[in-house]
Each structure stands twice: as C-alpha cells, then as structure tokens.
Amino acid sequence: MKDLKGRAIRFVLLYGAWLVLTDPGKRDEWIAGGIVALLASVLPLFPKTALGDLKLSPKALFGMIAYFAVFMKALVMSNLDVAFRVLHPKLPINPGIVAIRTRLATPLGRLLLANSITLTPGTITVETKGDTFFIHWINVSERDVEAATKAIVGEFEKRLEVFCG
Amino acid sequence: MNETIGAFLALGGSIFLLLASVGMLRMPDYYNRMQTGTKATTLGSILFLVGLGVMRPEWLGKMLLLVGFVVLTNPVSSHALARAAHNARAKLDKVGKTVLAVDALADAEDAATDAPARAAGNGEAEHA
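Here the protein sequences line up with chains H and G, keeping their order. Residue numbers for the first sequence follow our numbering, so the first one is 1 and each next one is one higher. Residue numbers for the second sequence follow our numbering, so the first one is 1 and each next one is one higher.
Fair warning: there could be bad hints in the mix.
From the derived model, a few chain H residues whose C-beta atoms are all more than 12 Å from chain G [to be verified]:
| # | residue |
| --- | --- |
| 1 | L4 |
| 2 | G16 |
| 3 | V20 |
| 4 | P24 |
| 5 | A60 |
| 6 | A66 |
| 7 | F71 |
| 8 | R85 |
| 9 | L112 |
| 10 | K129 |
| 11 | R143 |
| 12 | R159 |
| 13 | E161 |
Taking lysine to any residue and the SDA-like style, the derived pairs with C-alpha atoms no more than 20 Å apart in a straight line are [unchecked claim]:
| # | chain 1 | residue 1 | chain 2 | residue 2 |
| --- | --- | --- | --- | --- |
| 14 | H | K5 | H | L80 |
| 15 | H | K26 | G | W59 |
| 16 | H | K158 | H | P107 |
| 17 | H | K73 | G | N74 |
| 18 | G | K62 | H | K158 |
| 19 | H | K158 | H | V42 |
| 20 | H | K90 | G | P28 |
| 21 | H | K5 | H | T49 |
| 22 | G | K62 | H | D23 |
| 23 | H | K150 | H | A37 |
| 24 | H | K2 | H | L19 |
| 25 | G | K62 | H | A37 |
| 26 | H | K73 | G | P57 |
| 27 | H | K129 | G | M24 |
| 28 | G | K62 | H | L14 |
| 29 | H | K73 | G | L64 |
| 30 | G | K91 | G | G61 |
| 31 | H | K90 | G | M24 |
| 32 | H | K26 | H | V42 |
| 33 | G | K62 | G | N74 |
| 34 | H | K73 | H | E157 |
| 35 | G | K62 | G | I5 |
| 36 | H | K73 | G | V67 |
| 37 | G | K62 | G | E109 |
| 38 | H | K26 | H | I9 |
| 39 | H | K129 | G | I15 |
| 40 | H | K2 | H | K73 |
These are computed hints drawn from the structure, not numbers from a lab. From the three backbone atoms N, C-alpha and C, an ideal C-beta is built for every residue, glycine too.
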C-alpha cells in the first residue's frame with residue numbers, strides 16, 4: 001500500500017516535471033509524458049522511493065504549506081546571517097559539531113529535516129546515525145543534546161511531523 | 001516593467017553569490033567555508049532563476065522547476081562533502097587548522113570503537 005502510494009506520488013511528480021519542461025499545449029506531449037512517467041514509476045528498475053511516507057490528508061497539505069513558509073523564512077534569515085558574519089570585520093564565529101536527536105521516524109521525514117537544517121542559519125548536517133544527527137554549528141551556544149535539538153530543529157520538527165511523521 | 005523587476009531580482013542573487021565567494025576567502029576552515037558555500041549560493045541561485053523567470057514569463061515554470069532541483073540537491077551535496085571531510089579529518093588537520101569548539105561526532109565515534117559491537121551505523125536517510 002505504502003509502496004503503491006509512493007509510486008503514485010512519483011508518477012504525478014514526473015508527469016508534472018515533463019509537462020513543465022515541454023509544451024503543455026500539445027496533446028502529443030501529454031500522451032508521451034504519461035507513458036514515460038508511468039513506466040518510470042511502475043517498472044522495478046529504479047530505486048525504491050521514500051515518498052510513500054507522505055501523508056495526503058487536508059491537514060497534511062496545510063502542514064506542507066506552513067512548512068514551506070517557515071522554510072523560506074529560515075532560508076532568507078540564514079543568508080542574511082551568513083552575509084553578516086562574512087562582512088563583519090571580526091568574523092564572529094565559534095564553530096563546533098553538536099549532536100541532536102529527532103522524533104521523526106520515517107526516512108522521508110529525516111531527509112527533509114536534514115536538508116532543512118543544512119539550509120537554515122549557521123548549521124550543516126555532517127552525519128546521521130539512526131535518530132541522532134551530528135550538526136556543524138557556526139556559533140555553538142548549546143552543547144547539551146536536548147537544548148541543541150530545541151535550538152536547531154524545534155520549529156521544523158513540529159511542522160514536519162504533521163505531514164511525514 | 002517585468003524586465004526591471006527581474007533584473008533587480010537577478011542582481012540580488014548575484015550579490016549573494018558574491019558574498020558567498022567573499023566568505024570562501026575569509027572563513028578559517030573547511031566547514032565554515034562550506035557554510036557560506038551552501039546557503040548563500042542556494043538563495044543566490046533561487047533569486048537569479050526567479051529573476052530570469054520574471055523577465056521572460058514563458059520560462060517561469062521551467063525556472064521554478066530548476067529552483068526545486070537546486071533546493072533539493074544543494075543540501076545533499078554539501079552534507080556529503082561535510083561528511084567526507086569529517087571522515088578525512090586527520091588528513092585535513094595536516095593541511096590547515098580546523099576550528100572546532102566541540103566535536104560530538106568524533107566523541108561518539110571514539111566511544112563506538114571502544115564498545116565491542118558497533119550498534120549505531122544505519123545512517124541511511126539519503127534516499128528520495
């Protein structure tokens with residue numbers, strides 16, 4: 001069931017990408033894209049997808065939009081933060097690698113969380129081992145696992161739990 | 001009008017790309033260079049592509065698709081580089097000083113090598 005759902009989502013994404021890249025006004029493109037997307041999502045030649053972990057209830061869809069908004073804000077903040085540090089004459093950094101622990105259980109949730117961490121202010125995911133992530137933090141303020149988790153991923157984890165627990 | 005807005009967006013993107021390269025020169029070690037190299041280039045590319053999309057509205061869909069690919073792949077590649085750097089940290093230390101106030105990952109790995117069985121090791125969260 002989960003596998004089927006993952007394949008269905010993959011089909012929709014591939015079909016959408018095809019139509020955007022070609023000309024959606026032509027009927028030929030709809031037919032050819034449909035066939036290719038169907039083959040690519042049904043044939044067992046391609047790696048298994050983790051997209052089946054995605055929840056598709058209305059609440060989850062709103063959760064996705066909320067997550068996207070939070071993510072864009074964090075991305076802009078992170079860039080301003082980097083710009084500030086780069087241009088500051090004293091180069092205010094205090095880097096270190098800290099461990100955090102996530103509540104997310106699905107591979108997709110962890111993937112999105114790790115990527116979100118990398119794109120938010122001053123943090124890069126260096127390694128993941130099960131539910132523990134090791135984060136390079138440009139300005140370490142919390143060394144304790146719990147406190148660092150709260151400071152780095154609190155917001156994202158809450159949002160991601162809604163649609164891919 | 002579209003031309004002007006798009007041009008300013010693209011200009012903003014190139015400023016972030018410029019800052020990223022300044023950061024590359026100023027930051028003291030590998031990981032910190034990566035910090036600037038990941039974040040600033042992501043927003044820089046996004047602004048640049050969206051700016052192009054605004055200038056030529058018929059390209060906007062394709063540009064947004066490219067933005068999606070950049071946002072998905074950029075963090076994965078920098079994670080892979082950071083991980084490789086950490087695995088090769090002994091060699092990196094010979095080239096230049098790495099500035100780390102605390103290194104929880106090295107501590108965890110040392111603890112795991114001491115323990116008889118390495119239980120932790122399934123960090124396979126990178127399949128999409």
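(request) Mind listing which of the numbered hints don't hold for this structure, in increasing order? (result) 2, 3, 4, 7, 8, 9, 10, 11, 14, 18, 19, 23, 24, 26, 27, 30, 32, 37, 38, 39 and 40
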